[in-house]
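Number of protein chains: 2
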Amino acid sequence: MNSQVDEQYFVDYEDLEIHELMLKDRPRQEAYHNAILKNKQLFKDKVILDVGAGTGILSAFCAKAGAKRVYAVEASNLAKLALNVIEENGLSEVVKVIHSRVEDFSLPDDEKVDIIVSEWMGFYLLHEGMLDSVIFARNKFLKDGGLMFPTSATLYVAPCSVPSRYQYWDNVDGIKMNTFGEMLRNVKSHKPEITQIDADCLLHEGTVVSWFNLETVTLEELDNINLQEVVAIQKSGNHQGFCLWFDCGFPSSSGKFEDMTIFSTSPKAPETHWKQCIIVLPPNACEAMEENTPIAFKLSMQRNPNDVRKYNLEMEMLDSDDVEHPLPCNCFMTKCILTKAHLQTMDTDDE
Amino acid sequence: MNSQVDEQYFVDYEDLEIHELMLKDRPRQEAYHNAILKNKQLFKDKVILDVGAGTGILSAFCAKAGAKRVYAVEASNLAKLALNVIEENGLSEVVKVIHSRVEDFSLPDDEKVDIIVSEWMGFYLLHEGMLDSVIFARNKFLKDGGLMFPTSATLYVAPCSVPSRYQYWDNVDGIKMNTFGEMLRNVKSHKPEITQIDADCLLHEGTVVSWFNLETVTLEELDNINLQEVVAIQKSGNHQGFCLWFDCGFPSSSGKFEDMTIFSTSPKAPETHWKQCIIVLPPNACEAMEENTPIAFKLSMQRNPNDVRKYNLEMEMLDSDDVEHPLPCNCFMTKCILTKAHLQTMDTDDE
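Chains as they are written, first to last, in the working numbering: chain U, 1 to 351; chain W, 1 to 351.
Think of the hints as simulated: they come from the structure by calculation, not from any bench.
A portion of the hints provided could be inaccurate.
Pairs count within a copy or across copies, as identical chains cannot be separated in the list.
What the hints assert, rightly or not - Lysine-lysine pairs mimicking DSBU-like chemistry, simulated, CA-CA at most 35 Å apart:
#1 K275 x K176
#2 K38 x K176
#3 K191 x K112
#4 K335 x K112
#5 K235 x K80
#6 K143 x K188
#7 K44 x K176
#8 K275 x K44
#9 K176 x K310
#10 K38 x K140
#11 K256 x K64
#12 K40 x K235
#13 K275 x K310
#14 K298 x K64
#15 K24 x K268
#16 K176 x K112
#17 K80 x K268
#18 K24 x K275
#19 K38 x K191
#20 K191 x K46
#21 K176 x K68
#22 K235 x K38
#23 K40 x K176
#24 K188 x K44
#25 K44 x K298
Put together the whole structure using the sequences plus the hints.
Dropping the structure here:
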């Protein structure tokens with residue numbers, strides 16, 4: 001066995017497994033492949049910075065798309081592996097692999113780049129906090145009018161049922177296992193769970209927690225994310241939790257919105273290694289909900305003071321009588337039905 | 001939230017996750033459910049011992065099948081959960097949950113049991129060594145002529161291709177990632193991998209490493225398992241590893257072989273949480289193989305002297321010229337073709 005690679009440097013077993021998972025994540029791969037290789041005009045003869053290049057595959061895509069130069073910056077020992085991947089593909093003339101944190105990296109003559117490419121997304125979008133490095137890189141290296149890949153990211157939340165924590169245990173091959181389900185909830189309830197749920201568990205299409213324009217987002221915007229919202233259930237079912245997922249949008253050479261590559265980790269999209277992030281409610285907060293029932297809640301995501309790469313997620317259920325509903329609101333409360341009817345009348349009057 | 005359960009006792013998070021996985025493993029659940037509930041005649045008014053009862057679900061199956069008495073013996077704190085499950089199902093009159101190692105357990109008046117039920121199988125059948133406790137329990141508690149559920153277990157091995165370690169990395173969305181594949185192999189090659197492979201990766205239907213009759217198997221038979229074998233490739237492909245899986249058979253009330261419930265973890269059967277155990281070959285031992293090529297190997301499985309619940313697996317490739325081939329052998333070596341032809345002639349002569 002050729003163990004040259006093995007002797008040269010050590011890559012953590014876990015790192016390698018994570019990258020294997022990512023490289024086998026078809027929706028992820030296809031999103032970046034399409035975003036880059038179906039928009040070659042944007043890359044032709046351009047200078048690219050790949051932040052957290054990992055195994056170097058996104059840099060290789062950029063080189064194949066016609067980039068003049070790609071800086072693949074990777075802080076971990078994977079940089080050496082990325083170098084080998086670039087060599088294996090005969091792209092060493094174009095792609096320069098730099099083993100460095102992007103924060104410690106600089107370009108000759110204060111050169112700027114045309115495009116920043118990065119796959120920085122973590123669980124519930126922000127876990128692992130790699131977006132911080134992307135923002136740093138953008139502020140320091142991106143030309144005015146330069147492009148970000150992805151250029152936008154949206155975090156969604158929706159009330160949902162969580163049958164794997166509840167109904168599943170009502171009847172396991174004829175045996176009632178609610179005691180087991182209860183213990184599972186007790187033991188697991190202290191933190192959100194990364195798991196894939198069926199699309200039909202969603203009780204609502206999802207509401208935006210936060211929309212990030214990658215060209216302008218600041219670090220400060222990432223410290224505290226709060227959403228107080230009232231949503232009207234769109235499909236009756238057992239409200240047992242909240243589901244968080246994200247989408248990313250990539251620039252298109254046509255500049256048209258409909259040509260953008262959109263990558264989604266929604267329960268309705270093909271499964272990715274991000275799955276979804278589920279906040280399971282305790283039994284006393286669960287309720288069977290009819291269509292149009294209002295659910296009022298407050299979601300707060302705060303950087304963990306002890307580890308800026310992690311967030312504390314807090315979900316508070318509010319009384320839908322006490323909070324302001326959106327205008328219009330589809331819920332069944334009299335004030336909302338009346339307001340909606342009134343707004344519709346005004347719309348008709350305008351015509 | 002009712003945290004009564006939580007306060008009463010502590011169940012390890014990992015234990016709970018493993019049991020969740022098992023209870024959601026449909027082929028596993030269906031095998032035991034069918035084996036027990038489609039053979040009620042065997043259980044009617046009988047005394048059953050469930051070794052390593054876990055959450056108690058198999059004991060509950062036995063009670064539903066009409067058992068007079070079920071002893072559910074569980075060493076971990078799950079015993080208390082099992083007790084709750086039994087109560088939840090109103091089966092406390094029949095099922096007695098005992099929080100004990102089966103080795104420390106005894107029955108009043110040296111009572112014997114009619115049937116021992118256990119789900120003791122680990123990865124590659126023997127990992128975790130729970131069969132030891134089942135053998136102990138059988139020797140101590142099973143009546144003469146009593147039944148074992150399962151009653152047999154067979155461990156198979158077959159040469160296979162492992163595209164996830166080899167071919168996959170030839171072309172990842174147009175990028176050669178063989179460097180990554182090589183590192184993955186280097187880092188992971190020191191131990192077999194538990195993973196699901198496609199049935200079409202098998203280059204042979206599988207040969208028996210060991211067949212265990214649960215009614216008679218002894219502890220000593222589990223210490224050293226060795227197989228030296230020559231198999232003739234049945235489907236041409238890249239020989240990159242060996243795949244280990246197991247089947248279990250359960251007694252049927254008709255006593256007919258064709259009525260037995262067979263549970264299989266073969267790549268051809270629906271995926272289970274056991275998946276398969278793959279021994280990946282280093283690149284210099286890999287070879288493209290045509291149909292009927294002989295592969296000679298020696299597999300040894302020895303109990304780890306430092307941890308009897310684990311095994312050291314060793315696979316040695318042999319030169320097929322040097323070892324004795326089976327009679328008849330389907331390989332393309334001249335001696336085997338001639339022998340096979342000769343044996344066929346003898347068969348014809350007999351008729």
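Right, here's what the structure says about each hint:
For a Cα distance limit of 35 Å, the shortest separation of K275 from K176 qualifies both inside one copy, at 29 Å, and across copies, at 27 Å. Taking the closest pair of Cα atoms, K38 and K176 come within 35 Å of each other only across two copies (19 Å); inside a single copy the shortest separation is 53 Å, beyond that limit. Proximity of K191 and K112 under a CA criterion of 35 Å is satisfied in neither setting, with 42 Å inside one chain copy and 47 Å between copies. Taking the shortest Cα distances, K335 and K112 never come within 35 Å of each other, neither inside one copy (55 Å) nor across copies (71 Å).
Proximity of K235 to K80 under the C-alpha cut-off of 35 Å is found in neither arrangement, the shortest distances being 51 Å within a copy and 38 Å between copies. With identical chains, the CA atoms of K143 and K188 are never at most 35 Å apart, being 46 Å at best within one copy and 43 Å at best between copies. Taking identical chains as interchangeable, the C-alpha atoms of K44 and K176 lie at most 35 Å apart only when they sit on different chains, with a minimum of 22 Å there against 62 Å within one chain. Taking the shortest alpha-carbon separations for K275 and K44, only the intra-copy value of 34 Å comes in at or below 35 Å, while the best inter-copy value is 46 Å.
Proximity of K176 to K310 under the C-alpha cut-off of 35 Å is restricted to the inter-copy arrangement: shortest distance 34 Å between copies versus 37 Å within a copy. Proximity of K38 to K140 under the C-alpha cut-off of 35 Å is restricted to the intra-copy arrangement: shortest distance 28 Å within a copy versus 70 Å between copies. For the identical chains of this complex, K256 and K64 are intra-copy neighbours only, at 23 Å inside a copy versus 63 Å across copies, given an alpha-carbon limit of 35 Å. In this assembly of identical chains, the alpha carbons of K40 and K235 never lie at most 35 Å apart, being 42 Å within a copy and 42 Å across copies at closest.
Taking the closest pair of Cα atoms, K275 and K310 come within 35 Å of each other both inside a single copy (18 Å) and across two copies (33 Å). In this assembly of identical chains, the alpha carbons of K298 and K64 never lie at most 35 Å apart, being 45 Å within a copy and 46 Å across copies at closest. Taking the shortest Cα distances, K24 and K268 sit within 35 Å of each other both inside one copy (20 Å) and across copies (22 Å). Taking identical chains as interchangeable, the C-alpha atoms of K176 and K112 lie at most 35 Å apart only when they sit on different chains, with a minimum of 29 Å there against 63 Å within one chain.
Taking the shortest Cα distances, K80 and K268 never come within 35 Å of each other, neither inside one copy (37 Å) nor across copies (39 Å). Taking CA atoms no more than 35 Å apart as the test, K24 paired with K275 passes in both settings, with 14 Å inside one copy and 18 Å between copies. When the C-alpha separation of K38 and K191 is checked against a cutoff of 35 Å, the pair qualifies neither within a copy, at 40 Å, nor between copies, at 41 Å. With identical chains, the CA atoms of K191 and K46 are never at most 35 Å apart, being 44 Å at best within one copy and 45 Å at best between copies.
Taking CA atoms no more than 35 Å apart as the test, K176 paired with K68 passes between copies only; the shortest distance there is 20 Å, against 64 Å inside one copy. For the identical chains of this complex, K235 and K38 are neighbours neither inside a copy (37 Å) nor across copies (39 Å), given an alpha-carbon limit of 35 Å. For a Cα distance limit of 35 Å, the shortest separation of K40 from K176 across copies, 20 Å, qualifies, whereas the shortest one inside one copy, 58 Å, does not. Taking CA atoms no more than 35 Å apart as the test, K188 paired with K44 passes in neither setting, with 49 Å inside one copy and 39 Å between copies.
When the C-alpha separation of K44 and K298 is checked against a cutoff of 35 Å, the pair qualifies neither within a copy, at 46 Å, nor between copies, at 56 Å.
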